[in-house]
Each structure stands twice: as structure tokens, then as C-alpha cells.
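Chemist: Protein chains in written order, with the numbering used here: chain D, 1 to 116; chain S, 1 to 114.
Hints listed in this document are in silico derivations from the structure and should not be mistaken for laboratory results.
Watch out, some of these pointers could steer you wrong.
What the hints assert, rightly or not - With a cut-off of at most 35 Å between alpha-carbon atoms, the simulated DSBU-like pairs for lysine-lysine come out as follows:
{"#": "1", "chain 1": "S", "residue 1": "Lys71", "chain 2": "D", "residue 2": "Lys14"}
{"#": "2", "chain 1": "S", "residue 1": "Lys71", "chain 2": "D", "residue 2": "Lys57"}
{"#": "3", "chain 1": "D", "residue 1": "Lys78", "chain 2": "S", "residue 2": "Lys1"}
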Amino acid sequence: GAGVSQSPRYKVAKRGQDVALRCDPISGHVSLFWYQQALGQGPEFLTYFQNEAQLDKSGLPSDRFFAERPEGSVSTLKIQRTQQEDSAVYLCASSLATDPSYNEQFFGPGTRLTVL
Amino acid sequence: KNQVEQSPQSLIILEGKNCTLQCNYTVSPFSNLRWYKQDTGRGPVSLTIMTFSENTKSNGRYTATLDADTKQSSLHITASQLSDSASYICVVSAYAGNNRKLIWGLGTSLAVNP
Numbered sequence: 001g002a003g004v005s006q007s008p009r010y011k012v013a014k015r016g017q018d019v020a021l022r023c024d025p026i027s028g029h030v031s032l033f034w035y036q037q038a039l040g041q042g043p044e045f046l047t048y049f050q051n052e053a054q055l056d057k058s059g060l061p062s063d064r065f066f067a068e069r070p071e072g073s074v075s076t077l078k079i080q081r082t083q084q085e086d087s088a089v090y091l092c093a094s095s096l097a098t099d100p101s102y103n104e105q106f107f108g109p110g111t112r113l114t115v116l
Numbered sequence: 001k002n003q004v005e006q007s008p009q010s011l012i013i014l015e016g017k018n019c020t021l022q023c024n025y026t027v028s029p030f031s032n033l034r035w036y037k038q039d040t041g042r043g044p045v046s047l048t049i050m051t052f053s054e055n056t057k058s059n060g061r062y063t064a065t066l067d068a069d070t071k072q073s074s075l076h077i078t079a080s081q082l083s084d085s086a087s088y089i090c091v092v093s094a095y096a097g098n099n100r101k102l103i104w105g106l107g108t109s110l111a112v113n114p
């Protein structure tokens, strides 16, 4: 496709359930980011990949959060034993360059996760 | 501490009017500043990106300014349209060793009413 896609668009999980969120970046984009956006807030950085290497995971809030990008393309954000405070929109972004802080990031539509 | 503060938090204007959104930052060392527009239920879309040496940059009816001395930026929207209703987020990039980090503001929620 032409843009970044994410699936599912909406996910409702019971507290304690594991979830997996998928991101398909723009083809050929080297850099991939995951963000968490609470209602009415700006996106907060979670983790960053350059190809298959996870170069920065300093934003992951706990060891229940895990992200991977095994082949340097599609990425999955996994949340284990979900808690109510995990409810948010999870945004994925990709960038063509290896210096994504300068070059434009293209965002997907996000996955809205609701934990009951 | 690197911070980005935006004002106002929310704004309501009538269609056709102009408005200006503010962004103050305490980010050092500064790399670049960008403005994003985020429609409800969508991901952010880049409007402008400016480096230290750039004072102003336009994208259609959007004009961003940057004063690196006072660490302030503004986003001016001319002749607003209903489709301008969105959240506008200021993001500052800072050097951090060999990498750069993006510091996100909380955004200004703009509502354009007919």
C-alpha cells in the first residue's frame, strides 16, 4: 500500500489478556517507531527500529511490553498481561532515512486498545 | 529537562478567521522543530520542519516561524476552514549523543466552527 498500515484498528481486551499489534511500514523505509498516545495527549515514544535492530527501547513502560521487527519490515508490538492503564492508541511510524529525527515520519492510523 | 510546551491547550474560531498557535521549548542541543496536524482518529501528518537557521516556512495556509534565540515557534493558520479542526502538535528534535530524540508537545486542539 501507499502508506503505513496498522491492524487491528480497534482491540478490546480483558485485563490480563495478551495482545499483539501489527504495523506494516511503507516499503523500503528503514526506520520504524512505536508510540503510545493517551486520550487528549501527544504521542509518547516507546521504541525505535533501524531495519531489524531495535536501537532504542527506552520508552517501553514495563517488561510487559515487547516489540520485534525480525525481517526489517513488519513490526509487532506485544503487550502481555494487559492492564487498564495500557488503554491508549498505539501509533506506528516509518521513515525512509536512518536519521529519522530529521527526516519526515509517516504515521499509520493507530490501533485503539481498550482494556476492560 | 527537555520540554515542549504548547498554548493554548484548545481554541475555537469561526471559519475564515486566522489563528496562531504557540510552542515554547527548553530543548538543548536543538536539532530541528516540526509541526504535525492530527485529525481525530488518524495518525499525525507533518506540516513543516525547520532547522536552526530557518525563521519561517510555509505550507499552503500554514506558516510556521522559529526564533531559536528565544526558543519559540508559532504556527499561523490563515483563512481557516472546517477541515482545519484537528490537534496541532509541536515536536522538537534534540541531539543526544550519536542519536537524536524527539520531544513531543501535548498539542493544541483547534475547532473551526461555521
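Chemist: Determine which of the earlier numbered hints do not hold for this structure and return their numbers in increasing order.
Modeler: 1
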